[in-house]
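**Student:** Sequence:
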Amino acid sequence: MTDTSIQNNTARAADDFARHWQAVRHDEAIQFSPIKMSGAPQTPDWLARLFRALGELLKPLAEALGVSWPTLKWALLALLAAAVLYSLWRLLSPFILDRPLKAEQEDGWAPDTAQATALLEDADRLADEGRYGEATHLLLQRSVNQIRDAKPDLLEPSSTAREIAHLKALPDKAREAFSVISERVERSMFALRPLNQDDWLTARAAYSEFALTGSSTLLEGRPA
-11 MTDTSIQNNT
-1 ARAADDFARH
9 WQAVRHDEAI
19 QFSPIKMSGA
29 PQTPDWLARL
39 FRALGELLKP
49 LAEALGVSWP
59 TLKWALLALL
69 AAAVLYSLWR
79 LLSPFILDRP
89 LKAEQEDGWA
99 PDTAQATALL
109 EDADRLADEG
119 RYGEATHLLL
129 QRSVNQIRDA
139 KPDLLEPSST
149 AREIAHLKAL
159 PDKAREAFSV
169 ISERVERSMF
179 ALRPLNQDDW
189 LTARAAYSEF
199 ALTGSSTLLE
209 GRPA
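Its first residue numbered -11, the sequence shown is counted upward by one per residue in the working numbering.
Since the hints were made in silico from the structure, they are not lab data.
Just so you know, these numbers come straight off a predicted model, no measurement behind them.
One thing to keep in mind: the hints can contain errors.
[Said to hold, decoys possible] Taking lysine to any residue and the SDA-like style, the derived pairs with C-alpha atoms no more than 20 Å apart in a straight line are:
(1) Lys139 with Ser81
(2) Lys139 with Ala153
(3) Lys47 with Ala36
Could you build the full structure based on these sequences and the hints that come with them?
**Tutor:** Listed below in structure tokens is the structure:
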């Protein structure tokens, strides 16, 4: 191949490259210009006004602590976020943690027979003196301790009797007993109405049926 042929081929290749490049360059489907980045998101007006109001309100506190308002603002936001997360956990934890145990564990668990019998005897002594409210409250208090001893991971220090009565990890009879007992204790505390003998016997029967199923002597209850 002569030098002239090589030069002609090179020129044609250069022309072809330039032509193809121009075609690609003018293709609207291909973007060659830099992408314009949108500016930083603006803080909503209501949130900005809230921050300004908090800044004015808490400025003396920030000055007393020797910190700037921006620092205190982020600290407060962190506390608010933690409070929201804790509230969500309190709402959702029964559905996450209170999963049913195995059927044999669910149906078979009950307080120790000796402890349950001793509890009923102590409560009966109070009821014999006409102290039905104290007797019912004793049932509730000690039965909570029995569950905490048997299932330490199930209850939190702040767990209420109403929450315990809805724990799916407890047997049905345990939840029913807690519902009956806690309902009467709450009634005596918030309605300011003393419990009578019928209230006590109902609560006692509920606990006995749960804790001592099959014990006819204790299931009957003792009238005052």
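**Student:** Could you run down the list of hints and mark each one as holding or not?
**Tutor:** Each hint, compared with the structure:
no., hint, in the structure
1, Lys139 with Ser81, "holds (16 Å)"
2, Lys139 with Ala153, "holds (15 Å)"
3, Lys47 with Ala36, "holds (16 Å)"
Every hint from the earlier list agrees with this structure, and none is contradicted.
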